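What follows is each chain in one-letter form.
Protein chains: 2
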Amino acid sequence: MINTLFLPELRELLDSGDAHALREVCTALHPARTAEFVEGLSPGEAWSVLKHADMPLRVEIFSYFDHDHQVAIFESQDRHEVAELIAEMSPDDRVDLLQEVSPEVVQQLLELVPASERQNIERLQAFEEGTAGAVMTTDIARLSESLKVRDALAELGRQAEQLETIYYIYVVDGSGRLKGVVSARQLVSAMGRPQVTLGDLMDTDILMANVHEDQESVADKVARYDLLAIPVVDDDGRLVGIVTHDDVIDVVREEATEDAHRIAAVDPLEDSYMRTSLFTLSWKRGIWLSILFVAALLTAFALRHYEKNLASWEWLVWFIPLVISSGGNSGSQTATLIITAMATGDVELRNWLQVVLRELAMGLLLGGFLGLIGFLAAAVLRWPNISEALVVPFTLLLVVICGTLCGSVLPLLFKRLGWDPALMSNPFVAGIIDILGIVIYMNVAMALLDITSPRGP
Amino acid sequence: MINTLFLPELRELLDSGDAHALREVCTALHPARTAEFVEGLSPGEAWSVLKHADMPLRVEIFSYFDHDHQVAIFESQDRHEVAELIAEMSPDDRVDLLQEVSPEVVQQLLELVPASERQNIERLQAFEEGTAGAVMTTDIARLSESLKVRDALAELGRQAEQLETIYYIYVVDGSGRLKGVVSARQLVSAMGRPQVTLGDLMDTDILMANVHEDQESVADKVARYDLLAIPVVDDDGRLVGIVTHDDVIDVVREEATEDAHRIAAVDPLEDSYMRTSLFTLSWKRGIWLSILFVAALLTAFALRHYEKNLASWEWLVWFIPLVISSGGNSGSQTATLIITAMATGDVELRNWLQVVLRELAMGLLLGGFLGLIGFLAAAVLRWPNISEALVVPFTLLLVVICGTLCGSVLPLLFKRLGWDPALMSNPFVAGIIDILGIVIYMNVAMALLDITSPRGP
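If you read the sequences in order, they're chains R and S.
Position one of the first sequence corresponds to residue 1 (the working numbering), numbered consecutively onward.
Position one of the second sequence corresponds to residue 1 (the working numbering), numbered consecutively onward.
Since the hints were made in silico from the structure, they are not lab data.
Accuracy of the hints is not assured; some may be wrong.
You can't tell identical chains apart in this list, so a pair holds if it fits in one copy or across any two.
Dumping the calculated SDA-like pairs for lysine to any residue here, alpha-carbon to alpha-carbon at most 25 Å [stated by the list, open to error]:
1. Lys284 to Gln354
2. Lys308 to Leu381
3. Lys221 to His80
4. Lys148 to Lys221
5. Lys179 to Val113
6. Lys284 to Phe375
None of the values given here were measured: they were computed from a predicted structure.
Chain R on its own, in the form it takes in the complex:
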């Protein structure tokens, strides 16, 4: 979000070098709003404004800039000044950002960052995209269990500015293993009892995530248990970081978008739509389109197989698209409902029979209703041969039932096989219905009309 309202005034202040006023600009508003006003400037100008803010505030305003603006500043501004900012940024944000900066600039910048921060960056960069390790941050309050409440609060006060969150305090043993968690709420409640130690207060039944755990499963835990943050441990149980509530919202959004893309037969994009290159985009779409295309090719062979039937009853051709699209639409409705219900935990594998029966009933209801409209339309188009028109409603009823059944069985089957139900369910359903629809249509027609049977294989 960019607000261009005060750009002329900001440029004037920069030209006149009014340091006092520029400091005012940085401090008067919420950092997120300051960012909106400053972001419309060129990277160089925006950076000049930011330099009037103290480091913690500078980092915060910068963190609200758009990703592209952040990258532009990293690549164009004084390397030493940028490196100072990097040293103060939150560990997870800077790793995300550095991924997009050109490698030679990253190398130059990392040389100027203090060694401890550089190691931290390199360690986080090593985690695979989509794991807890890749989204976690490493700025956490690690305290010893013998610490008294009052001292713990004082220690927190000293560290508060550097920490991503002070809402949980993690108690670790000598080798860094996580032993317990004390919430800031517990600490504040215990202020009246100064002799109490963290060891007395801490919860030892800790909800935690493994560094290699999938980010979706981490987000589920945080959402289910209403946590502000979840500790992340390595395979030896040593505390290595935390995933915080704001990262979880991003993960939830990201996963929902990925599911939506998979449902529409697009391989999920790693980057945003606007930043993905045409080449990547055409690959991620083309691969699924081609698979669907090959499936749809089968319909051409099927129709050629029924050539003679169609020649004797030409009007059957008119309803081919209607039959196919009705089956496809009802199938994609079902598949989407089941996929989203499984994603939110509302439908589980053990409900399979109930789901399939529900969808059978839906298919009867919806197919029956569409068949009725279809019969009226066919009767009008084939007037006065109304008995012929009966082919249409019977076909529609059967095709819609096929659609709802495929749409429910396939996602459940994929889940059972350990695949992502969103993956290919809708495309598969559409492909199956295309070909089944034609076979059903032709066989219903052969049964009801005086029609020659298709030529042999």
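Fit chain S to the supplied structure of chain R, relying on the hints for placement.
Positioned in the frame of chain R, the structure of chain S alone reads:
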């Protein structure tokens, strides 16, 4: 999530009335895990276990039960005991829950709840579903600006158990208007300076939401500014509640599911898939299926219009489903990409030209590629009349371009008109492509083949 592992042991403890052991069960684990173990019991048994936990813990374990189990307990257990629990529950959760309990039970329960809590429940119930007022909670720390840091901490310590979140302290004036916010982080950092008051510390540029604001817009603010909670004010600026990070995650999930349903032409369900009645479900699906069906009916009329052309070139019929489904698939890919990109703010209205040009390029690339495969298939099926087969690739190219253009223009247009882009975009795109696909196909065929023009209207 239900864990049935210890059900026999739990039942034994209940039979023997071992109060000490049951207390252990309630306190030893994280409340969420206790809930998993207890939830497999009958409502009466689960309630008997819960009664061994102190009230704050009892409320917390209960809050992790499945909605259906909570409702069953409310409806079957002792009204007085349930009312005690309700009085202690978080204001937003109990209002959500009471919506599902039968009205006569709700009335009996509310009569037993203290008057102040009852008024609170009735006030929250009055807000429209989907607004900030309906998701907010009202347990907040409201303090005066003259309070000193040390006193504020002590006051927080006293209130901590009752509050939904202690991570922001809201400073209000005499008439309840919101004047500023102090984060727990600021408070803890300032502990070394006991003379500082909340008025000195507070931020006065406050991000807030109006009670009537749409929950999606509230969630966007919290996500964008990485907040733990956002204050909610009424039209006079009086602080009435907060929306917390955990509610925001629920809202984000809910909205993503709604979008997915709309994309698949299902009117969003108010309840979960399994709890929605077949009647409601068939209505919410049938209405869109019928609209799509009527659109698809147009294809039948179009094909009748081209009856003579099809009679002279029968093989054209074979490729009708292929043409339509290729256009529909590429169109739904585009529409989904644009809709999700607009939902996350990645594409905005001002990017329209860029988006349309990208999709034009995508259409050329994808249509060209599919046309190539289509040509090979048509050449095989029509061997040796290869020149005839050229109708297929030219049609595919044009139809896929139509698909990507419709898929991008429609969601942008809907957004421009102030409608939800997810609403009907995909169904509309599919319907338009069905009919356009046939018109394009027939006209390409007429241009390339020696074919009679269609009979006049």
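Evaluated hints:
no. : hint             : verdict
1   : Lys284 to Gln354 : between (35 Å within a copy, 20 Å between copies)
2   : Lys308 to Leu381 : both (22 Å within a copy, 16 Å between copies)
3   : Lys221 to His80  : neither (40 Å within a copy, 34 Å between copies)
4   : Lys148 to Lys221 : neither (30 Å within a copy, 38 Å between copies)
5   : Lys179 to Val113 : neither (32 Å within a copy, 41 Å between copies)
6   : Lys284 to Phe375 : between (41 Å within a copy, 22 Å between copies)
Against the hints set out earlier in the document, violations occur for numbers 3, 4, 5.
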